Every structure is written in structure tokens, then in C-alpha cells.
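Trainee: Chains as they are written, first to last, in my numbering: chain A, 224 to 531; chain B, 339 to 520.
It should be emphasised that the hints constitute simulated quantities derived from the structure, not laboratory data.
Computed from a prediction, not measured in an experiment: that's the story for all the values here.
Hints are not guaranteed to be accurate.
[As the list claims (entries may be wrong)] A partial selection of chain B residues facing chain A, derived with a Cβ cut-off under 10 angstroms:
no.	residue
1	Asn394
2	Tyr413
3	Asp415
4	Gly425
5	Pro428
6	Glu441
7	Glu479
8	Leu482
9	Thr491
10	Arg495
11	Met496
12	Phe499
13	Gln505
14	Arg510
15	Glu512
16	Pro516
[To be verified] Derived lysine-lysine pairs resembling DSSO-like cross-links, with alpha carbons at most 30 angstroms apart:
no.	chain 1	residue 1	chain 2	residue 2
17	B	Lys447	A	Lys281
18	B	Lys446	A	Lys395
19	B	Lys507	A	Lys388
20	A	Lys281	B	Lys507
By construction, the Cβ of each residue, glycine as well, lies at the ideal position given by its N, Cα and C atoms.
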Amino acid sequence: MNQRFSFLTMACSGLLLAALFFGCAEVTDIGTQLAQEAGVISADEAQSVKRGAKAIEKTYQDLTPEQEYYIGRAVVAQVLQGYPPLDQPEANAYVNLLGQSLAVFSERPETFGGYHFLLLDSDEINAFAGPGGLILVTRGMLRCCETEDELAAVLAHEICHVEKKHGLSAIKQGRLTEAFTIIAAESAKQMGSEELASLTREFEASVGDVVMTLTTSGYSRNQEREADAAAVQLLRRAGYPEASIITMLERMDKRLANAGGLGFAKTHPSAQSRADTLAGQVKQTELVPAPARQARFAAAMKPVVTNP
Amino acid sequence: MIGTVLFDVRIWKVELRKRNFDCTEIDIMRIKVLAVLLAVSASAAVTASMSVQVRNAKVRATPSQLGRVVATAEYGDIVQAGTLQRGWYPVTTADGEQGWLHESALSKKPIAMRSGTSDAATGVSDDEVALAGKGFNEQVEAKLKADGTLDYTWVDRMAAFEVSEEQIKTFRTEGNLPGGAQ
Chain A
224 MNQRFSFLTM ACSGLLLAAL FFGCAEVTDI GTQLAQEAGV ISADEAQSVK RGAKAIEKTY
284 QDLTPEQEYY IGRAVVAQVL QGYPPLDQPE ANAYVNLLGQ SLAVFSERPE TFGGYHFLLL
344 DSDEINAFAG PGGLILVTRG MLRCCETEDE LAAVLAHEIC HVEKKHGLSA IKQGRLTEAF
404 TIIAAESAKQ MGSEELASLT REFEASVGDV VMTLTTSGYS RNQEREADAA AVQLLRRAGY
464 PEASIITMLE RMDKRLANAG GLGFAKTHPS AQSRADTLAG QVKQTELVPA PARQARFAAA
524 MKPVVTNP
Chain B
339 MIGTVLFDVR IWKVELRKRN FDCTEIDIMR IKVLAVLLAV SASAAVTASM SVQVRNAKVR
399 ATPSQLGRVV ATAEYGDIVQ AGTLQRGWYP VTTADGEQGW LHESALSKKP IAMRSGTSDA
459 ATGVSDDEVA LAGKGFNEQV EAKLKADGTL DYTWVDRMAA FEVSEEQIKT FRTEGNLPGG
519 AQ
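The shape of chain A in the complex, shown without the other chains (with noise of 0.2 angstroms):
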């Protein structure tokens, strides 16, 4: 009785089985039969009807690597208007690939347009992720790493604020569901004048949500506290010792208490505070630098921290 019940409920599985396979199929029949049913009464009412909703129901979230691509592109333009670079190839260089080689092995590898990073003139305390991962860090933030793999900390942070994008998050809701109603009206074809300069007054007003948490507002605690225990993993990953975050919260912390709450201080919780809710998590290494990540460190950030 028992065998044949086994039987029976074997054969019974594998046609529940191909029943849900062939459902697939069949789902997605009954919902273009229906949108054309629809289409019948007034196409143009129905798809209007159904792109509204469509559009409302995006958010931040649903902005395509591209879109977000682009985003970055003139965040990064606009901070820049406050922050001017630091014109040092060799720094620069020298950034892009701890940088770089620390970002494949991010949750997110692939952006639209990749990673890069660049070093601001400024010596105030601050780094700045801009979407997509065009990163910028200050020479004051420079200053804070003593060794590759506190300036591995630095940057790992600001990578996870990309791949969990958190400026996006920034961007208010109703630009968002005005843009993707006007993408959504334009349908296939090429944009008019009109819709291209609403467009971008929306995107325009997106790009200032995101620079005013960068530069003025900040990210939220929540979020910070996800970027520094992401920035742990990625470091484990990549194998540097991520006790280095530690020793450079601590450092910063110390730093900032002189700056007078400029910068970083100003958009971050309290760097002793992250250093103190990251002490659980990280593995306690003695921190002996490598000597060959040691002088290649010096050799491309002395100039750029001793210069005044």
C-alpha cells in the first residue's frame, strides 16, 4: 500500500511538474490575449492606463545601469564645481588600481561604465561616491591612511556605497515616477524638444537630491553602517586586513576633532562610533603592513599629502 502510494505520488509529481511548465507558457498567452482584449476596447486608453501605473510603481531601484550611469556622470560634474581635482597622474593612477582591483571584487563588479576614481584638491575630510562608481576622496581624507590598506578601506567603503546605491536612494520620489511617466509616454520612438526638456529638468533635479546628501545632508546611519560592514567583506575578499577600517576610523576621528566638523564630519556618523560598531565584526590581525604594498603607498601619496 505504502509502495504503491509512493508510485502514485511520483507519477502524480511529475504531472503537477509539466502542468507548471506548460502553465508558464500559458500565463503569458492569457495576458497578451487579455492586453489585446483590452487593445480592442481603445489601445491607446489601455497601454496609456497601463504605463501610468507602470510608471508609478517605479522607483529608484528601477533606474537602468545606464540611466544611472549618466546620473553619476553629472553628479560628479557638479561636485566638482566645489572640489576641484588634484591634477597628479601618477596619485591618480596609483588610486585607480587599488581601487579598481578592490571593485571586481565587490557584489557589484559590473557598472555601465566601471569604476574610476579621483583625487580632489582639498583638505577637507571627505569622500564622495558618486552613482554608477565615479569616486572621488579629498587629500585631507589622504591624510587619514597611513598605509595601502587604510586607503583600501576608504575606497572599499565608498565602492558599497555604489553597489548598494545609495545615492539613488537619495533621488525624491515624485521626480522619479515624473521621469518614468514621460520615458514611458515617449514609447519607441525619438523624444520631442518638449518631453526632452522636461526630461531633463527632472534629471536635473535628481542629480541635486543626490549631491545635497553627498555634500550637505549625508547618507543615513542605516546606511552607512551597510557600506562600513559591506566594505569588511569586500576587504576580507580581497585580501586585505580589515582591521585596517578600524585604524582608520580611529585616525579620522582624531583628525576630525581638529577640523572643526568640516567635511566628512558633517555627512558621517562619528568615526569612532562606526569604528566601535564595526569592532565586533572584524577579524583583530596584527596589522603589520606588507613592505612592498608599504612603499608603493608612500611612493604615490607622499607628494600629493606633503604638498600643502
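Following the hints, position chain B against chain A.
Mentor: Quick look at chain B alone, frame taken from chain A:
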């Protein structure tokens, strides 16, 4: 997959006979046909068309961050992707190259290229349009530049800072970093 199912059918057949079920050859045939259909639909579900959603994606020989690059796939390219394994899809490109792509490079939604390009698709659905480079795109950036509000000079210079796979590998080896951990 098909083989496994047919093997199961043979077992069922023996079971049916053992139990003196009233079971004709036609019934057995029916079960066989069902089994084959099931197997075919199951194997069809194993690979799916996916679109490359980044400008350049590296197809690697192994599902690892520093796996050898065997091919590159471009924005909008369609690949056949197998089952996701720890963040990596086994893929076959349109040129028949096989390798692994990281999930961040792929989208389940088809990407219809903009009109005016040779790949321009017709009759695209709403979701496809959303991915067709519409919205915040180069057209919007061009308009912004024309309005004269933003200077992209350094953005372009920064985006041109490229690092090769070889440079990354050398950098890691010279830096005495434990290699290629997942």
C-alpha cells in the same frame, strides 16, 4: 535530463507490470511522450536569453572575479544564460563563446537599441522601452551641456582612467595579497 526521465519511465513500466496494473503499451507511450515533453520544457527553462546591461562585460573562463577573460560582451548583446551560481551565470554569447558573466552585468529584460542604430528593434514593449537607453541618457546630457550649466571635462578624464586585468593581477601579486578568493 531527458535520459534521467526516460530511465524513470522504464522503472515505472516495471513497477506497473509488477503490480498487474491494467496498463497497455499505448499508456506506456503516453507516459513516455509526457516525460519527453516534461524533460524538453525543463531543459528549456535551464537556459534563458539575457541582455548585457553594461557597456562592456567581461566573459570569464571561471566563475571568479579574476578568472581569465575569454570574451567581451557589449551593451544590448543577448546571451544564453544558465542557472545562477553564487552571483555568476554560465553563458554562451551570440558568437558561441562560452564562459561566465557576473549577474551585475545582465538583465532579464530585453534591451531594445535606440532607433537609428542598426540593432533597432521594432514593436518593443513598455519594459523594453524603459531599457532602450531612454530617459536619463546621452540626449539629456547633451541638452544639459548645451544649457551650459555643467563642465564634464574632468568627468571624461576620470572615466578614461583605465586599469587592465593584467595590471590588477600584477598589483595583487606584488602587494602580496592572497589571490582570487571568491
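Trainee: If a hint holds in the structure, say so; if it doesn't, say that too.
Mentor: Here is what the structure says about each hint:
Annotation: asparagine 394/B was flagged as interfacial toward chain A, and the flag holds, the nearest CB pair being 8 angstroms apart, inside 10 angstroms. Among the interface hints, the one on tyrosine 413/B holds; its C-beta lies about 7 angstroms from the nearest C-beta in chain A, closer than the 10 angstroms criterion. Because the smallest distance between the Cβ of aspartate 415/B and any Cβ of chain A comes to about 13 angstroms, over 10 angstroms, the interface hint for this residue is violated. A cut of 10 angstroms between beta carbons decides the hint on glycine 425/B: the least distance to chain A is about 7 angstroms, and the hint holds.
Residue-level restraint check for proline 428/B is violated (minimum Cβ-Cβ distance to chain A is 16 angstroms; threshold 10 angstroms). Satisfaction of the interface hint for glutamate 441/B is found here, the shortest Cβ-Cβ separation to chain A being roughly 9 angstroms, below the 10 angstroms cut-off. Checking glutamate 479/B against chain A: minimum C-beta separation of about 6 angstroms stays under 10 angstroms; hint holds. For leucine 482/B, the shortest C-beta to C-beta distance to chain A is roughly 6 angstroms, which falls under 10 angstroms, so the interface hint holds.
The beta carbon of threonine 491/B comes within 9 angstroms of a beta carbon in chain A, closer than 10 angstroms, and the hint placing it at the interface holds. For arginine 495/B, the interface hint holds, the least distance from its beta-carbon to any beta-carbon of chain A being 8 angstroms, beneath 10 angstroms. Because the smallest distance between the Cβ of methionine 496/B and any Cβ of chain A comes to about 4 angstroms, under 10 angstroms, the interface hint for this residue holds. For phenylalanine 499/B, the suggested interface contact is upheld, since its CB lies about 4 angstroms from the closest CB of chain A, less than 10 angstroms.
Among the interface hints, the one on glutamine 505/B holds; its C-beta lies about 6 angstroms from the nearest C-beta in chain A, closer than the 10 angstroms criterion. Because the closest C-beta pair between arginine 510/B and chain A is about 6 angstroms apart, less than 10 angstroms, the hint holds. Among the interface hints, the one on glutamate 512/B holds; its C-beta lies about 6 angstroms from the nearest C-beta in chain A, closer than the 10 angstroms criterion. Below 10 angstroms, beta-carbon pairs count as interface contacts, and proline 516/B has one with chain A at about 4 angstroms; its hint therefore holds.
Simply put, lysine 447/B and lysine 281/A have alpha-carbon atoms about 15 angstroms apart, close enough for the 30 angstroms limit, and the pair holds. At most 30 angstroms may separate the alpha-carbon atoms for a hinted pair to count; lysine 446/B and lysine 395/A meet this at roughly 26 angstroms. Distance hint between lysine 507/B and lysine 388/A is fulfilled; the C-alpha atoms sit about 27 angstroms from each other, no more than 30 angstroms. Restraint check: the Cα-Cα separation between lysine 281/A and lysine 507/B comes to about 40 angstroms, which exceeds 30 angstroms; the hinted pair is violated.
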